[in-house]
Each structure stands twice: as structure tokens, then as C-alpha cells.
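Could you put the whole structure together from the sequences, leaning on the hints where they help?
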Amino acid sequence: MTPLFAALILFFFVLFFGLFLVWVSGLLGPKTKFNKVKSEAYECGLPSQETHNTKIPVKFYLTAILFILFDIEIIFMYPWAVSFIEFVQSGAGPYILGVMGVFLAIFIYGLFWEIKSNALEWE
Amino acid sequence: MGSDVFEITVNLVKMLFIFLLMVQLVPVLVWVERRGSAFIQSRFGPNRVGPLGLTQLLADAVKFLMKEEFVPAQGKKLLFYLAPAIALVPGAVAFGSIPLSCPVHIQRFLMLQHWWGPYDFEFQSFHFGVGIVFVLGISSLGAYALLLAGWGSANKFSLMGALRASAQMISYELALGLSLVGAILIYGTFDFTEMIAQQAQVFNFELLGHAFHLRKYGILMQPIGAILYFSSIFAETNRLPFDLPEAEGELVVGYHTEYGGLKMLMFYIGEYGHMMVGSALFVTFYLGGYTIPLLTTTQINNLFLSMGAGPNVISILTALVFHVAFFAKVLFLLWVFVWVRWTLPRFRYDQLMDLGWKTMLPWSLANVIVTAVVVAYVRSK
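Protein chains in written order, with the numbering used here: chain A, 1 to 123; chain B, 1 to 381.
Incorrect hints may have been included.
To be verified - To give an idea of the chain A side of the interface with chain B (calculated C-beta under 10 Å), a few residues:
hint: 1; residue: L28
hint: 2; residue: K38
hint: 3; residue: D71
hint: 4; residue: M77
To be verified - Here's a subset of chain A near chain B, in silico, CB distances under 8 Å, partners left out:
hint: 5; residue: A7
hint: 6; residue: G29
hint: 7; residue: E40
hint: 8; residue: G45
hint: 9; residue: A64
hint: 10; residue: I65
hint: 11; residue: F67
hint: 12; residue: Y78
hint: 13; residue: I85
hint: 14; residue: V88
hint: 15; residue: G93
hint: 16; residue: I115
hint: 17; residue: L120
hint: 18; residue: W122
Calculated directly from the structure, the hints in this document are not laboratory data.
Quick reminder that beta carbons are idealized off the backbone N, C-alpha and C, glycines included.
Next comes the structure, spelled out in C-alpha cells:
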């Protein structure tokens with residue numbers, strides 16, 4: 001049994017445990033008749049004004065795109081960080097620092113460009 | 001993970017046990033949260049059901065089971081039902097890969113006329129070499145549960161809450177991921193067990209004529225990284241001061257507005273599970289994991305040996321002692337979550353995003369650069 005297989009077992013066990021709880025909670029509760037008003041989505045007691053799939057500010061989309069860009073760059077730093085000590089001990093410290101320095105310079109330039117271009121302003 | 005019947009059975013039981021441990025801690029945490037908030041605000045809190053109100057959540061759970069089923073008319077049923085089940089998954093699976101104590105060594109023994117070979121059981125559900133990468137990957141799945149709940153509910157409050165939650169979770173994931181890079185630079189490994197072994201080492205120094213013997217705990221090597229990591233955990237778990245997705249004054253309760261009964265409880269289990277994973281990671285990275293500051297493993301072993309215990313019993317008891325130490329640290333951090341909740345006011349949304357992108361991200365970058373230069377200087381000699 002490899003750890004990945006064990007994780008998969010736990011994953012599906014928890015998922016089905018959750019679905020079982022959802023099913024049980026629907027089974028035990030009182031059965032009442034629903035009318036139009038009762039089954040409406042909650043909106044402080046007023047009739048709904050718009051549908052739920054209304055317009056969403058584009059800022060959220062922009063944030064998600066920027067996140068993907070920066071997150072991938074951060075993921076690249078993980079293998080660098082974990083092999084850093086080996087490189088330093090074999091005498092290649094300045095090399096590995098310089099390589100990451102170039103990468104980080106682009107990262108930092110990108111971050112400050114993004115801040116300057118008001119992509120992160122929430123009014 | 002092993003290959004014979006006994007070992008596989010023990011591993012499966014262990015997996016179930018660790019999952020139930022996590023689920024069973026939630027009522028206790030809810031009790032701590034309610035009694036703690038009452039303590040801070042000079043109120044009583046729940047004190048009617050059971051001693052000190054301890055069984056209040058048991059009574060609540062029974063009530064939750066008896067609630068009626070409700071799906072909004074325009075709601076998407078599949079997503080609506082799937083979301084609470086998915087909310088449980090990331091916390092449980094991520095918690096399974098964190099070592100909760102030192103491994104248990106079992107020597108050869110005779111059972112059912114068959115010799116069962118020496119075993120090494122780790123005190124965790126599964127042991128990945130890439131530990132932290134797996135945990136980060138799994139725990140970011142938590143955003144799906146919120147988004148599915150927000151979209152499936154067909155409610156504007158839920159949708160806004162889900163959008164805010166996912167935007168803040170992904171924004172703070174950058175600072176969280178980067179603050180851990182500093183610690184990984186020092187440890188040079190992704191593996192939690194190796195990290196803890198490195199933190200158990202002692203370094204000696206003299207200050208003002210006194211000799212000090214300190215463990216190499218991460219919080220001493222990476223103070224800024226520890227602060228940045230701990231603050232981003234608050235945003236990741238949608239806790240005050242970053243609980244914009246559930247801001248009661250604006251959004252009712254955010255993404256789980258339409259949920260009631262047991263399904264709402266499952267979102268709470270997911271949230272507390274996420275908090276537990278965050279605290280356990282903090283303990284593993286910065287507070288020395290399951291080690292005890294002034295005690296070594298051999299000292300504890302010798303203590304049990306002097307009581308006349310056998311080698312298997314000693315191994316199990318030592319693991320239990322370390323397990324208690326680990327959970328003492330985790331529970332203290334969970335109390336800090338409650339403490340902060342009733343101390344700090346809520347941020348505004350633009351302040352929250354500014355803090356994440358313009359303050360914490362540059363600071364964690366600076367932390368990585370300084371750490372890399374210092375490590376390169378110290379280790380090259």
C-alpha cells in the first residue's frame with residue numbers, strides 16, 4: 001500500500017462519509033410541503049430582485065489570473081529551496097543564488113508593475 | 001505502508017482513528033470558542049447542558065439531525081448537496097499526512113501460531129516524502145467547497161460570500177507559500193519528520209556570561225516567516241479579523257446562508273479542520289513538532305524502563321507522551337484563534353487585499369532573499 005493509495009482511500013472515505021451525512025440529515029427531518037414563498041432563496045424577507053447569476057465584478061477574475069501567474073512562480077521556488085543546501089555545500093552557492101536572483105528580479109519587477117498599474121486597487 | 005495483513009489493518013485503523021480524532025475535536029473547539037468568547041466578554045456562555053456546558057454541542061447535533069431538508073427553488077441540487085461533503089475532505093486528508101508523534105517500533109511477536117515481523121508504525125495516516133507540497137495542494141481544494149456552495153445555493157449573499165472567500169484564500173496563499181520557502185531553505189527538505197528531527201538539535205551560545213542550550217526551533221530561525229505564516233492562516237480559514245466572507249452585517253453568513261442543520265455543521269467541521277491543519281503545520285514548521293523543549297527521547301525511554309516496561313510498551317508510551325505534547329501546542333494555537341477573534345476588529349475588503357498583496361507578499365519575498373543569502377554564507381564554510 002503506497003502512501004498515495006492510502007491518501008486516495010481516505011479521500012473517498014471522507015467524501016462518502018460526508019455524502020452519507022447529507023443523506024441521513026434529509027432522511028430524519030420532518031417532511032413538510034413546500035410552497036413558492038417558502039422555497040425561495042433567503043433575501044431578508046423581501047421578494048428577490050434579481051436572479052442569482054447576476055453580474056460579478058471583473059476584479060475577482062483579474063485577481064484569479066494574477067494569482068495563477070504568481071503562484072506558479074512561487075511553486076518554482078520550492079525545488080530551488082529544497083536543493084539549496086546541497087548546491088551551497090558543493091561550492092555552487094553563488095551560482096544558485098545568481099540564478100534565483102534573475103528569476104526573483106523578474107518576479108519583483110512584475111509585482112511592482114502590477115501594483116503601479118492599479119490592477120490591485122479595490123475602490 | 002506495509003504489505004502483510006496485520007500491518008495493513010493497523011494502518012487502516014490508524015487512518016480512521018486520526019480522521020475521527022479530527023472530527024471529535026470539533027465539538028470541543030466549538031465549546032472552547034463559545035466559553036472562551038463568554039470568558040473574554042464577561043458572560044456565562046453555554047453552561048446548562050452537562051458539566052460546564054460540555055455536552056451542549058452533542059445536544060445541538062441531535063437537533064441538527066432532526067432539521068427539515070431545504071433546497072432553494074432555483075438552486076442546483078447536485079452542487080448544493082456536494083459542497084458540504086467536499087468541505088470535509090481537504091482538512092481530513094491534509095491532517096492525515098502530518099506526523100502527530102514519533103514512530104512506534106514493534107518487535108517480532110507470536111500471534112495465531114505465526115510470527116509477525118518487526119514493524120515500524122508512523123503516527124500519521126500516510127507518510128509522503130513531499131509532505132508540505134501535498135498538504136498545500138490538498139488544502140487549497142477547500143476553495144471548491146465554498147464556490148460550489150455559493151453557486152449551488154442560488155442566493156446572492158452566498159455567491160458574494162463565496163467570491164470573497166475564494167479571492168482572499170488565493171491571495172493569501174501566495175504569502176503563505178512564500179513564507180514557508182524560508183523555512184524550507186533552512187531545513188533543506190519537504191519531509192515533516194526530517195524537519196522535526198532537525199529542530200530537535202541543540203545549539204549552545206553564551207549571553208551575558210550565561211550559557212544557553214536552545215533547540216533549533218523554526219520560530220527562532222525564521223521569526224518573520226512564522227508571523228507571516230500565522231497571519232495568512234487566519235485569512236485562509238476565513239477567521240476574524242479576515243472573516244469578510246461571513247461578515248454578518250453585510251452578507252448574513254456568507255456562502256452557507258442557505259444551509260441548515262447537519263449540512264451547516266459540516267461546513268464548520270471543514271473550517272475547524274482547516275484551522276487544525278494550519279496550527280499543526282505551524283507547530284511542525286516553527287515550534288519543533290512533537291518534541292518537548294527540555295526532554296529527549298532517551299530520557300523518556302529511560303523513565304519508562306525504570307518502571308519496568310517491555311520494549312514494545314515503552315515505544316507506545318513514548319509515542320503517546322510526544323502525542324500529548326504535540327496536541328498541547330496545537331490546542332494553544334487554536335486558543336490563539338479564539339483570542340484574536342474577540343480582540344481585533346474586522347478589516348475592510350480593500351484593506352484585506354492590500355495587506356495580502358502589497359504588504360505580506362513583499363515582506364515574505366524579502367524574508368526568502370535574506371534567508372537564502374544567510375544560509376549560503378553560513379553553510380558554505
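Which of the listed hints are not met by the structure? 8, 10
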